[in-house]
Amino acid sequence: MVEPGEIVCLLANVILFLFFIRLYKEGKCQQMPKIWIWGLVMITGSNIFTVAEGFVLVAVFNMLEHLFLLCASLFFFVGAFHMKTSGIVK
Amino acid sequence: MIILNTISFILFLGAALVLVYRFWWKNIPIHFIIISFLLLSFVAFSNVLEWIDFAVWDEFENPVEILFLPLFIFSVYAFCLQYEVNENLLKEELIRDNSRRLSVAMIAAGEAYWEWDSKKKQIIIDKDNCYLSFDPESFVINRDNYREVLHSCSEDAVNILFRQFELEDKTDVNVELLVKKRIGGYYWLLFKGKTEEVKKRDYSIISYGTLIDISQYKSIQEEVIKSKVEAERSEKLKSAFLYNLSHEIRTPINGIIGFSQILQDEDLSGQMQKEYIKLITNSCFKLIAVVDDIVEISKIEVGDLSVIHRIVDVRQLIERLYLNYDSLANERGLEFKLKILSQDEDLKLFTDESKLYRSIENIIQNAIKFTKQGSVILGLDKSDESLIIFVEDTGIGIAKDDLEAVFDNFRQLEVSFNRRYGGSGLGLSISKGLIEALGGVVKIESEEGKGTRVSFVLSIDGNM
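Residue numbers (the numbering used here), protein chains in the order written: chain A, -4 to 85; chain B, 200 to 663.
Bear in mind the hints are in silico, worked out from the structure with no lab data behind them. Where a beta carbon is used, it is the ideal one built from N, C-alpha and C, also for glycine. There may be inaccurate statements among the hints.
[As the list claims (entries may be wrong)] Quick list of the computed label-pair ranges, beta carbon to beta carbon:
#1 A/-1 <-> B/298: 37 to 45 Å
#2 B/396 <-> A/14: 35 to 43 Å
#3 B/366 <-> A/14: 46 to 54 Å
#4 A/-2 <-> B/284: 31 to 39 Å
#5 B/298 <-> A/14: 32 to 40 Å
#6 B/297 <-> A/57: 52 to 60 Å
#7 A/55 <-> B/287: 42 to 50 Å
[What the hints assert, rightly or not] Result set (DSSO-like, lysine-lysine): computed pairs, CA atoms no more than 27 Å apart in a straight line:
#8 B/320 <-> B/393
#9 A/29 <-> B/290
#10 B/571 <-> B/599
#11 B/393 <-> B/326
#12 B/599 <-> A/20
#13 B/320 <-> B/379
Sequences are here, hints too, so could you generate the full structure?
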């Protein structure tokens, strides 16, 4: 059974993600590592599977939800290393 | 699932720690780091809690996820944006600081910035970054206006510069141009710069640099060159002078030595002895005259002349000179005339008689020496404010180009002249120095082959 909260969460996730992509394309946060975008894609994907799980109870969806989350965590972890630190000493 | 969630937990937590570690000392505000850390940690913990069968948590799991996952994405965005803003602020601060330092340095150096505009084919001096003492006539120099902006002597240089820019030659720019000032007059500007490739939308080659006022340096340079030329000329003149002088000293000394040796001969008659002693005495006078000349010119050069003023009757002085040199002129077959043009009886000056006498005497001696035939005229005239003493001759004259140089110390127009005519060649220099010390002016007019007129103008008011 899908919960309304999960759908709201997914929608919020997608809207923020798209907004974030738009800002990135406009060059407003160029310092962010690109791999974080993939991390966000993965989190959104994970959310999609959470919602899908509520509609159709398939074991693979649950698996994918956690797998996507794992990928997201991996991307964020790698991105944290690749994020440019400022060369300017304050 | 447990394994997957555990790994996710570790990685999210790791990412949070890495962020904190890397940016803790940087310019990210601390609350952004803390929020990011908390959110990443929470996502991590929510994964862990998901697989713990914990009844209480089940009730909260979804609402928490609903709340925190969008917040997590938003915090990532906010973190990046804030980081970007801080970076840009720091860069702007750095640029402003560099710009300020550059401006201060340019103000201190009195420099200006210039750039070649490859589209309009013109040199543009940046008005906002122009710290020269004076503004140039125009801040733009191109092929149409360079004749108005630059002095004609810089036209070639600026044309070469234009060609260099047009051909996109990457040779460093180092050109001195004489540029017109806005307030009038010219000043030397040194254009230094370089040409390099840049990635710009409308053009790829840019030439730029600074310019500085080097007028002072140029005037010093000109002075140095002038002094060098003068020193070299003096060196040559002194060599020539020494060459002449050695002859002038050697001749009487030879006479003195020669006749002294002859006098040792006991068989010489009394008459012959007297004759030789007279010759020795004449040689001594000649020698002392040369030494006197040198001493006199040295005093004039050092400015150590002592002038004793008293009222001098110039008419009498001229007449005395005429009488003294009349016989010498006649001996040379010359006609020596005295011309007193002024009817005024009172031709007096408050001056140093001996120095005035010496000055005129030198000129008369020169006139007689350099005149083969014709006449020498010694004259005196009076204008409203001054007395004019002049000596005219019909001698060899002086070429127009050499007229200014005849009064130079040690100046010999031709070394061979002196050998032909004798003398140290200091006579004119001494006369000029003495007359100037007496407050007068020496004028010379001459035509080669026709004769010379030397006149002394002495102010009556200044002297009396």
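Tested hints:
1. A/-1 <-> B/298: 37 to 45 Å: With a Cβ separation near 57 Å, residue -1 of chain A and residue 298 of chain B fall outside 37 to 45 Å, so the hint is violated.
2. B/396 <-> A/14: 35 to 43 Å: holds (40 Å)
3. B/366 <-> A/14: 46 to 54 Å: Taking Cβ atoms as reference, residue 366 of chain B and residue 14 of chain A lie about 52 Å apart, which means the hint holds.
4. A/-2 <-> B/284: 31 to 39 Å: holds (38 Å)
5. B/298 <-> A/14: 32 to 40 Å: Given range 32 to 40 Å: holds, Cβ gap about 36 Å.
6. B/297 <-> A/57: 52 to 60 Å: Once the Cβ atoms are compared, 57 Å apart, the range 52 to 60 Å for residue 57 of chain A and residue 297 of chain B holds.
7. A/55 <-> B/287: 42 to 50 Å: For residue 287 of chain B against residue 55 of chain A, whose Cβ atoms are near 46 Å apart, the range 42 to 50 Å holds.
8. B/320 <-> B/393: Given pair residue 320 of chain B, residue 393 of chain B holds - Cα atoms ~16 Å apart, limit 27 Å.
9. A/29 <-> B/290: Given that 27 Å is the threshold and the Cα spacing comes to 22 Å, the pair holds.
10. B/571 <-> B/599: holds (20 Å)
11. B/393 <-> B/326: Judged against 27 Å, a Cα distance of about 20 Å means the pair holds.
12. B/599 <-> A/20: Since the Cα atoms of residue 599 of chain B and residue 20 of chain A sit roughly 85 Å apart, the hinted pair is violated (cutoff 27 Å).
13. B/320 <-> B/379: holds (20 Å)
The structure fails to meet hints 1 and 12 from the earlier list, while all remaining hints are met.
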